[in-house]
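J.: Read in order, the letters of the sequence shown are residues 1 to 209 in full-length UniProt numbering.
A portion of the hints provided could be inaccurate.
[Unchecked claim] Straight-line C-alpha distance at most 16 Å; calculated EDC-like pairs for lysine to aspartate or glutamate:
1. K28 <-> D160
2. K171 <-> D151
3. K103 <-> D151
4. K81 <-> D54
5. K29 <-> D151
6. K29 <-> E109
7. K28 <-> D151
8. K28 <-> D110
[Claimed, not checked] Label pairs and their calculated CB-CB ranges:
9. L92 <-> K47: 15 to 25 Å
10. A31 <-> G70: 33 to 43 Å
11. E51 <-> R114: 19 to 29 Å
12. L92 <-> D161: 30 to 40 Å
13. K28 <-> G70: 16 to 26 Å
14. K47 <-> K171: 20 to 30 Å
15. A84 <-> K171: 17 to 27 Å
16. D160 <-> T88: 15 to 25 Å
17. E32 <-> L92: 34 to 44 Å
18. E32 <-> T88: 34 to 44 Å
19. I74 <-> D170: 13 to 23 Å
None of these hints come from the bench; they were simulated from the model. Where is the CB? At the ideal position from N, CA and C, for every residue including glycine.
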Amino acid sequence: MGTCNLVQRAAENSRKTKPKTHESQENKKSAESLARAYNVLKNTLPKLFVEPLDYSIYSPNLIFQNNITGKHTIGLYHYVKQIAILRTVGHLKYAYVKFEILKITQHPEDYTVRIRWRVKGISGLKVMFQFWKYKIWQLKEVLKDQEAWYDGFSICYLGDDGLIIKHIVDKVMPDENLEIMSNSTASALPTGSLAATASQKISFSSVAA
Numbered sequence: 001m002g003t004c005n006l007v008q009r010a011a012e013n014s015r016k017t018k019p020k021t022h023e024s025q026e027n028k029k030s031a032e033s034l035a036r037a038y039n040v041l042k043n044t045l046p047k048l049f050v051e052p053l054d055y056s057i058y059s060p061n062l063i064f065q066n067n068i069t070g071k072h073t074i075g076l077y078h079y080v081k082q083i084a085i086l087r088t089v090g091h092l093k094y095a096y097v098k099f100e101i102l103k104i105t106q107h108p109e110d111y112t113v114r115i116r117w118r119v120k121g122i123s124g125l126k127v128m129f130q131f132w133k134y135k136i137w138q139l140k141e142v143l144k145d146q147e148a149w150y151d152g153f154s155i156c157y158l159g160d161d162g163l164i165i166k167h168i169v170d171k172v173m174p175d176e177n178l179e180i181m182s183n184s185t186a187s188a189l190p191t192g193s194l195a196a197t198a199s200q201k202i203s204f205s206s207v208a209a
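The task is simple: from the sequences and hints, build the whole structure.
T.: Now the structure itself:
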């Protein structure tokens, strides 16, 4: 009789601990997926104009909600297509473009990665007509004086599978006091490279961003 009671108690304890163990594993998996999305975005976005994006962190059914243009798309194919269009527009309009991450954070409470970003660009004609004012070693000053920029804020929501299921983009006002990540300088592009998601003067209404 005593043996039966011990077996019964062991079975009950096993049933009680299984849900907790399962929940712990799920939480760990969610945290790992969030950290992976965060790290991939942090490392690849600043290189947006020199390297392809890593689309493995996105769901095939990705919802892209662009509140700048009011355009919404569903599906990773359409998302990739819009990135390509924006690069083309940036390349046609600017001789020099780069993407900067001003701030990026991960939020376990709502399973999101939030990004404050800026795209800078400078017209080739401006460089041509203003370059005589500067010495060759003052190229940085040329770009700073003549560049335009476009600021934005992105929220990436992860789904139950750990992939980004929704990307919301909003326009924000420029803030010169925000610290720019040091590795964002790697995103600068010369003429002839694939261009960008645009700066202040790119008309986002002309593409479905």
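J.: Hint by hint, note whether the structure agrees.
T.: Consistency of the hints with the structure:
1. Annotation: proposed proximity of K28 to D160 holds, straight-line Cα distance about 13 Å (limit 16 Å).
2. The hinted pair formed by K171 and D151 meets the criterion: a straight-line CA distance of about 6 Å does not exceed 16 Å.
3. A threshold of 16 Å between alpha carbons decides the hint, and for K103 with D151 the separation of about 12 Å falls inside it, so the pair holds.
4. Using a Cα cut-off of 16 Å, the hinted pair K81 and D54 holds, with the two alpha carbons roughly 14 Å apart.
5. Note on K29 and D151: the hinted pairing is violated, with a Cα-Cα distance of about 33 Å set against a maximum of 16 Å.
6. Our distance criterion of 16 Å between C-alpha atoms is met by K29 and E109, whose separation comes to about 14 Å.
7. Between K28 and D151 the alpha-carbon distance is near 34 Å, which puts this suggested pair outside the 16 Å criterion.
8. For a cut-off of 16 Å, the pair hint linking K28 to D110 stands: about 15 Å separates their Cα positions.
9. Restraint check, L92 to K47: a C-beta distance of roughly 21 Å satisfies the suggested window 15 to 25 Å.
10. In this structure the hint that A31 and G70 lie 33 to 43 Å apart at CB holds, the actual value being about 34 Å.
11. For the pair E51 and R114, the supplied restraint of 19 to 29 Å holds, since their beta-carbon distance comes to about 22 Å.
12. Take L92 and D161: their Cβ atoms lie about 37 Å apart, and the range 30 to 40 Å holds.
13. For the pair K28 and G70, the supplied restraint of 16 to 26 Å is violated, since their beta-carbon distance comes to about 39 Å.
14. The hinted window of 20 to 30 Å between K47 and K171 holds, with their beta carbons roughly 23 Å apart.
15. At about 21 Å, the beta-carbon gap between A84 and K171 stays in the expected band of 17 to 27 Å.
16. Range check, D160 to T88: about 35 Å between beta-carbon atoms, so the 15 to 25 Å window is missed.
17. The given range of 34 to 44 Å is respected by E32 and L92, whose C-beta atoms sit roughly 40 Å from each other.
18. The hinted window of 34 to 44 Å between E32 and T88 holds, with their beta carbons roughly 36 Å apart.
19. Look at I74 against D170: about 19 Å separates their beta carbons, and that is inside 13 to 23 Å.
When the structure is compared with the earlier hints, violations turn up for hints 5, 7, 13 and 16 and for no others.
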